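Undergrad: What follows is the residue order along each chain.
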Amino acid sequence: MIPELGHFAVVLALLLAAAQGFFGIVGPQRGRVAWMNAAHSAAIGQWVFLSLAFGCLIYAFVQFDFSVRYVAGHSNSLLPTFYRVAASWGGHEGSLLFWALVLATWTAVLAAFSRAVPLAFKSRVIGVLGLVSIGFLTFMLFTSNPFARLVPAAVDGNDLNPLLQDPALAIHPPMLYVGYVGFAMAFAFACATLIEGRTDTLWAKWARPWTLVAWLFLGIGITLGSWWAYYELGWGGYWFWDPVENASFMPWLIGTALIHSLAVTEKRGLFKSWTLLLAISAFSLSLLGTFLVRSGVLVSVHAFATDPARGLYILAFLVAVIGGALALYTWRAPMMKSESGFELASREAFLLFNNALLVGATLLILLGTLYPLFLDALSLGKISVGPPYFNVAFMIPMVPLVLLMSIGMHSVWKRSRLGPVRNKLLVLLGVAVAAAVALMLFNYGEFHWMGLVGFTISIWLIASALVEPIAKWGQWRTLPAGFWGMVIAHLGVGMFTLGVTGVESYRIERDISMGVGETVTLQGYNFRFEGTRMVQGPNYEAIEADIAISREDGKVFTTLRPQKRFYASGGNPMTEAGIHVNYARDLFVALGEDLGQGRWSMRVQYKPLLRYIWLGALFMALGGLVAAADRRYRVRASAKDTVPAGAGEAAR
Amino acid sequence: MTPRRKRMLAVAAIVIGVGAATTVALQALNENLLYFYSPSQIMAGEAPGERSFRLGGLVTTGSVQRSPGSMEVRFTVTDHAQTIPVSYTGLLPDLFREGQGVVARGKLLDDGTFVAEEVLAKHDENYMPPEVAESLHQPPPAAGGAS
Numbered sequence: 050m051i052p053e054l055g056h057f058a059v060v061l062a063l064l065l066a067a068a069q070g071f072f073g074i075v076g077p078q079r080g081r082v083a084w085m086n087a088a089h090s091a092a093i094g095q096w097v098f099l100s101l102a103f104g105c106l107i108y109a110f111v112q113f114d115f116s117v118r119y120v121a122g123h124s125n126s127l128l129p130t131f132y133r134v135a136a137s138w139g140g141h142e143g144s145l146l147f148w149a150l151v152l153a154t155w156t157a158v159l160a161a162f163s164r165a166v167p168l169a170f171k172s173r174v175i176g177v178l179g180l181v182s183i184g185f186l187t188f189m190l191f192t193s194n195p196f197a198r199l200v201p202a203a204v205d206g207n208d209l210n211p212l213l214q215d216p217a218l219a220i221h222p223p224m225l226y227v228g229y230v231g232f233a234m235a236f237a238f239a240c241a242t243l244i245e246g247r248t249d250t251l252w253a254k255w256a257r258p259w260t261l262v263a264w265l266f267l268g269i270g271i272t273l274g275s276w277w278a279y280y281e282l283g284w285g286g287y288w289f290w291d292p293v294e295n296a297s298f299m300p301w302l303i304g305t306a307l308i309h310s311l312a313v314t315e316k317r318g319l320f321k322s323w324t325l326l327l328a329i330s331a332f333s334l335s336l337l338g339t340f341l342v343r344s345g346v347l348v349s350v351h352a353f354a355t356d357p358a359r360g361l362y363i364l365a366f367l368v369a370v371i372g373g374a375l376a377l378y379t380w381r382a383p384m385m386k387s388e389s390g391f392e393l394a395s396r397e398a399f400l401l402f403n404n405a406l407l408v409g410a411t412l413l414i415l416l417g418t419l420y421p422l423f424l425d426a427l428s429l430g431k432i433s434v435g436p437p438y439f440n441v442a443f444m445i446p447m448v449p450l451v452l453l454m455s456i457g458m459h460s461v462w463k464r465s466r467l468g469p470v471r472n473k474l475l476v477l478l479g480v481a482v483a484a485a486v487a488l489m490l491f492n493y494g495e496f497h498w499m500g501l502v503g504f505t506i507s508i509w510l511i512a513s514a515l516v517e518p519i520a521k522w523g524q525w526r527t528l529p530a531g532f533w534g535m536v537i538a539h540l541g542v543g544m545f546t547l548g549v550t551g552v553e554s555y556r557i558e559r560d561i562s563m564g565v566g567e568t569v570t571l572q573g574y575n576f577r578f579e580g581t582r583m584v585q586g587p588n589y590e591a592i593e594a595d596i597a598i599s600r601e602d603g604k605v606f607t608t609l610r611p612q613k614r615f616y617a618s619g620g621n622p623m624t625e626a627g628i629h630v631n632y633a634r635d636l637f638v639a640l641g642e643d644l645g646q647g648r649w650s651m652r653v654q655y656k657p658l659l660r661y662i663w664l665g666a667l668f669m670a671l672g673g674l675v676a677a678a679d680r681r682y683r684v685r686a687s688a689k690d691t692v693p694a695g696a697g698e699a700a701r
Numbered sequence: 010m011t012p013r014r015k016r017m018l019a020v021a022a023i024v025i026g027v028g029a030a031t032t033v034a035l036q037a038l039n040e041n042l043l044y045f046y047s048p049s050q051i052m053a054g055e056a057p058g059e060r061s062f063r064l065g066g067l068v069t070t071g072s073v074q075r076s077p078g079s080m081e082v083r084f085t086v087t088d089h090a091q092t093i094p095v096s097y098t099g100l101l102p103d104l105f106r107e108g109q110g111v112v113a114r115g116k117l118l119d120d121g122t123f124v125a126e127e128v129l130a131k132h133d134e135n136y137m138p139p140e141v142a143e144s145l146h147q148p149p150p151a152a153g154g155a156s
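Chains A and B are the protein sequences, given in the same order.
Counting along the first sequence from 1, when you hit position 234 you're at 283 in the numbering used here, and nothing is skipped either side.
Counting along the second sequence from 1, when you hit position 42 you're at 51 in the numbering used here, and nothing is skipped either side.
Bear in mind the hints are in silico, worked out from the structure with no lab data behind them.
A few of these clues could be false.
[What the hints assert, rightly or not] When the alpha-carbon atoms are kept at most 20 Å apart in a straight line, the in silico EDC-like pairs for lysine to aspartate or glutamate are as follows: (1) B:K116 with B:E40; (2) A:K316 with A:D425; (3) A:K431 with B:E127; (4) A:K316 with A:D215; (5) A:K431 with B:E40; (6) B:K15 with A:E392; (7) A:K431 with B:D120; (8) A:K431 with B:E55.
Quantities reported herein were computed from a predicted structural model and do not represent experimental measurements.
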């Protein structure tokens with residue numbers, strides 16, 4: 050009964066989404082306030098019904114209702130309650146319902162709380178979001194209904210994929226979805242601007258906080274996924290350039306370009322049509338990511354069970370959304386003219402470089418991700434593009450980007466003038482080179498060209514980001530939140546670059562065979578294999594190894610306990626790595642298999658500065674949060690904003 | 010320098026920079042393309058001798074051998090029509106199992122052995138790499154076609 054209630058709630062939500070789309074877009078065209086208000090109510094109603102539906106799905110999981118196909122496929126009677134709740138978004142059908150719920154939540158928050166945006170514009174935004182929601186809800190109802198029954202009911206479920214039974218991975222998808230769907234907000238703001246024919250740049254101000262929040266959630270989601278892959282997959286890598294990883298990374302890169310270009314559009318009225326195009330692209334890439342993950346066209350570690358009908362539907366949806374938005378764009382974008390110019394070393398120019406480099410990086414990743422698809426579609430052979438391509442291709446735009454960031458942060462609008470900061474930056478650059486060389490020679494004992502470049506640009510960026518905060522330390526309260534957000538996020542980029550450089554230049558990875566009592570030494574750390582034992586977990590049993598780690602003095606400072614887990618639901622064993630962390634490095638041990646004669650295969654790794662990659666990514670997200678909290682985004686709409694310039698003739 | 014001259018120089022520098030970057034990127038792409046071959050294609054002599062490529066198929070049941078205490082493991086990969094011997098030194102993924110799909114990256118030696126540098130197994134119980142699934146269907150499977 051409860052699952053049918055959930056199903057019915059989704060159908061009602063679909064009807065409300067249709068009403069929301071119609072009244073939201075047609076209401077403002079006809080100037081009917083009642084219709085616009087109806088769109089707002091429909092948005093909130095849609096949220097209520099989707100919450101109800103999602104509640105029904107969680108209830109089915111908590112109650113072990115194995116007569117629901119999705120529940121039977123993704124949980125079993127031994128699965129702990131936390132993971133049963135997490136399983137509701139752990140598979141294809143449930144995650145779609147979650148997507149739709151997140152979209153409805155974003156819309157409802159806009160409808161209920163946003164006072165900065167005038168009514169007509171807001172209802173257009175809500176209307177566009179309603180159309181997007183129709184796409185997702187029909188997809189769910191016709192190809193992937195999470196409430197479909199299983200006849201006869203299963204006695205017990207299949208279990209949630211053990212790889213997904215992990216706290217970081219339980220919250221990784223929701224974070225990603227909040228980010229992906231958040232770009233629908235930027236998309237809807239852009240479409241509403243085009244529909245309304247606004248030539249002013251207020252929309253950029255309205256869209257900025259929403260875009261920042263979407264961007265920061267996507268960043269956190271990607272970071273969690275990377276962290277999880279590192280400790281759970283047993284490879285000791287943090288990024289694989291897997292197509293599905295790329296699918297989440299590309300919208301993030303375009304989103305990064307978008308938050309910067311929105312700043313130029315808002316402050317200086319430049320890049321107007323470019324910013325609109327970026328807003329459309331960020332969401333299009335999010336949808337493309339969904340298509341790649343769900344249709345099974347790509348070989349990937351993130352395999353959802355595949356179904357051609359789903360792939361076809363998403364492809365059609367993708368074409369409709371991108372095609373519609375681009376048609377709207379080509380119709381209206383010529384109206385968006387930017388008048389003022391700027392000089393070569395002004396802030397506008399630096400942000401232009403930022404955009405060009407980020408878009409370039411995205412295109413190179415897109416090329417590597419889609420190239421195999423093209424060749425396959427043309428029957429030119431089956432290929433894959435190896436990670437070394439992505440490493441090279443990503444580094445090409447990133448080195449100049451980080452380099453220019455150090456200078457660009459101190460540039461001013463309109464004119465080429467760095468002023469007294471210029472000498473400070475030159476001194477800091479010298480310090481950074483010296484520090485990089487010292488770090489390589491005295492700490493790692495080996496010179497590396499890429500290490501020199503990477504350490505120099507990251508240390509310089511960190512130092513450069515701190516120049517202004519230190520100079521203005523006494524009056525920090527007077528500086529806007531946007532400034533602090535920028536400083537924090539750019540510090541994050543510096544840390545991230547530092548981490549990547551350290552790991553890629555100085556990591557040591559060994560796959561070896563070890564007998565009890567044997568020792569292997571990596572970069573001054575002795576790993577001694579003490580033996581194995583059996584341990585019992587809630588729904589698995591495991592073989593656990595003891596690896597004692599000591600330095601030159603021979604004193605054991607920690608014992609790592611990597612595990613090989615065997616889940617009660619059967620299936621393959623799972624690796625649980627043993628990791629020791631400090632500020633300078635990670636020590637990583639994964640247990641392989643019993644080789645016979647008391648020997649085990651082991652993966653032993655030394656990863657310098659690894660944590661700064663994730664710490665840097667979290668700083669970027671924190672910077673986004675601080676910037677989004679800026680007080681100026683919370684001002685009420687004033688009377689002059691309500692009547693957009695040029696809307697009169699456009700509406701008729 | 011006049012502003013006009015300055016601008017021209019800047020544009021030229023950007024064009025050269027973008028050109029160089031594109032060249033390097035495309036070359037990296039070309040060097041890192043990995044072709045995929047099934048055991049039948051390799052037996053037909055389609056696979057390159059020098060270059061790395063990916064081999065995909067099923068791990069033949071009962072073929073996995075390991076001399077006790079050694080990291081080296083030998084097994085064969087089959088597409089139900091042909092079989093290729095594979096040698097690999099390192100940790101096998103958790104999902105590696107006899108009778109299941111596998112994709113290995115490596116080179117073919119003159120004696121017909123495939124030396125793998127990396128072995129990937131499917132990440133999901135119900136999942137098979139599409140290339141493997143497809144290559145299994147190309148020659149009508151002799152072994153009942155249960156895959």
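Undergrad: Against each hint, give a clear statement of whether it holds in the structure.
TA: For each hint, the structure was consulted:
1. Between K116 (chain B) and E40 (chain B) the alpha-carbon distance is near 15 Å, which keeps this suggested pair within the 20 Å criterion.
2. Distance check on the hinted pair: K316 (chain A) and D425 (chain A) sit about 46 Å apart at the alpha-carbon level, beyond 20 Å; violated.
3. Between K431 (chain A) and E127 (chain B), the direct Cα distance comes to roughly 18 Å. Compliance with the 20 Å bound is thereby established for this hinted pair.
4. Only pairs whose Cα atoms come within 20 Å are accepted, and K316 (chain A) paired with D215 (chain A) is rejected, the gap being roughly 44 Å.
5. Simply put, K431 (chain A) and E40 (chain B) have alpha-carbon atoms about 15 Å apart, close enough for the 20 Å limit, and the pair holds.
6. For the hint pairing K15 (chain B) with E392 (chain A), the CA-to-CA distance comes to about 11 Å; that is within 20 Å, so the pair holds.
7. With a CA separation close to 25 Å, the supplied pair K431 (chain A) and D120 (chain B) exceeds the 20 Å bound.
8. A C-alpha spacing of about 13 Å is found between K431 (chain A) and E55 (chain B), which places the hinted pair at or below 20 Å, so the restraint holds.
Violated hints, listed in ascending order, are 2, 4 and 7; each of the other numbered hints is respected by the structure.
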